[in-house]
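Protein chains in written order, with the working numbering: chain A, 1 to 97; chain B, 1 to 97; chain C, 1 to 97; chain D, 1 to 97.
Because the hints were derived from the structure by calculation, they are not lab data.
Wrong hints could be hidden among the right ones.
Claimed, not checked - Only pairs whose alpha carbons sit at most 30 Å apart, straight line, appear in this in silico BS3-like list of lysine-lysine:
| hint | chain 1 | residue 1 | chain 2 | residue 2 |
| --- | --- | --- | --- | --- |
| 1 | A | Lys87 | C | Lys52 |
| 2 | C | Lys52 | B | Lys32 |
| 3 | D | Lys16 | D | Lys87 |
| 4 | D | Lys87 | C | Lys32 |
| 5 | C | Lys18 | A | Lys52 |
| 6 | B | Lys69 | D | Lys52 |
| 7 | C | Lys18 | A | Lys11 |
| 8 | C | Lys32 | A | Lys52 |
| 9 | C | Lys2 | A | Lys6 |
| 10 | D | Lys87 | A | Lys32 |
| 11 | D | Lys69 | B | Lys52 |
| 12 | A | Lys69 | D | Lys69 |
| 13 | C | Lys69 | B | Lys69 |
There are 4 protein chains.
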Amino acid sequence: MKAFSKTEVNKYLHLKLKDWLSDGECISRNFKFDNFVNAFSFMTMIALEAEKMGHHPDWSNVYNTVTIKLNTHDANGITQLDFDLAKYIDNCFQIFM
Amino acid sequence: MKAFSKTEVNKYLHLKLKDWLSDGECISRNFKFDNFVNAFSFMTMIALEAEKMGHHPDWSNVYNTVTIKLNTHDANGITQLDFDLAKYIDNCFQIFM
Amino acid sequence: MKAFSKTEVNKYLHLKLKDWLSDGECISRNFKFDNFVNAFSFMTMIALEAEKMGHHPDWSNVYNTVTIKLNTHDANGITQLDFDLAKYIDNCFQIFM
Amino acid sequence: MKAFSKTEVNKYLHLKLKDWLSDGECISRNFKFDNFVNAFSFMTMIALEAEKMGHHPDWSNVYNTVTIKLNTHDANGITQLDFDLAKYIDNCFQIFM
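Bound conformation, chain A alone (with noise of 0.2 Å):
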């Protein structure tokens, strides 16, 4: 899987994925939510679909705030798989708002 260039990154979150940032190595977003119940579960729909994508975020949780950097580590930068994952995680957010 190829890595995209900064700029064709930057125009894919532009277009599609509004709420996540990138530095160039990676994308990344921050949630915050009611309470830690929330958070985890959260963080649970995400493991199960990380899990099935072979594909696992570099996140962390304190309290009820989860921070999801996303990147593809064979690829050296951010592919189509990071974009994927980022979309399902903010369809999870939607459903805790």
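Position chains B, C and D relative to chain A; hints supplied.
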């Protein structure tokens, strides 16, 4: 904790837990989700609360359905603990609707 | 995927899944844990694999016990998918023993 | 709850939490697992206890690794709550070794 009479249980369900049924020994409700991921994340929400309460459900899951039965073993019947957990469960389910 | 005959199922269980029972329609096993936390974490392990396989258990939990039934709906019987998931489940259970 | 001094923290870690490090502000430990499934199930075990304690970790996960930092926000330092959760976490980790 004291078990409620059948009449008390039915009155409470009618007033505050309209989607729950009682067979006199436990209260129960079926839940249906879009998919397994949502069903299992809902279960995770409940697991986190049940462990905190020290009051655990008798529940089953097949793909996108979850069936939950609640009673209070120590009281040999249905108590306020069951009503409280049922209300929590209803609130969690709202998130997925 | 083709369903196995009763004889084939019983032979397979005898050789490779000694703790599982068959009623001809599904294979099943009961699991007991030290507490609810271990039981639910075991369920989380299985949920992650089941979703990946696209093959989900019919399971129930009460506190520290988990009962799992497996069959293949599309084949109207027990298939290699069930044997594979049962083996995975046994391996997960080993972790908690 | 009172925060411990750096000396007290170091002494406690030396005696009872040998695999944890302290930077004076929090105590931390890295964990490595066979795979993502085990890492996330370990996290589920901790989530269930943390929610019960009302004391949540600052943690991150990448595939088969989990990094956990503990401190007590309200006490602006490290308290007995952190030591208790760290001991629980160590016990959970034992299950996967």
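Comparing the hints with the structure gives:
1. Lys87/A to Lys52/C: holds, 19 Å
2. Lys52/C to Lys32/B: Holds, at about 21 Å.
3. Lys16/D to Lys87/D: Holds, because 8 Å separates the two Cα atoms, which is no more than 30 Å.
4. Lys87/D to Lys32/C: holds, 24 Å
5. Lys18/C to Lys52/A: Roughly 29 Å separates the two Cα atoms, so the pair holds.
6. Lys69/B to Lys52/D: OK: Lys69/B and Lys52/D at ~22 Å, within 30 Å.
7. Lys18/C to Lys11/A: This hinted pair is violated, its Cα atoms lying about 56 Å apart.
8. Lys32/C to Lys52/A: With Cα atoms ~27 Å apart, Lys32/C and Lys52/A stay inside 30 Å; holds.
9. Lys2/C to Lys6/A: Status violated; Cα separation ~49 Å.
10. Lys87/D to Lys32/A: Measuring from Cα to Cα gives roughly 28 Å; hence the hint holds.
11. Lys69/D to Lys52/B: holds, 22 Å
12. Lys69/A to Lys69/D: holds, 19 Å
13. Lys69/C to Lys69/B: holds, 19 Å
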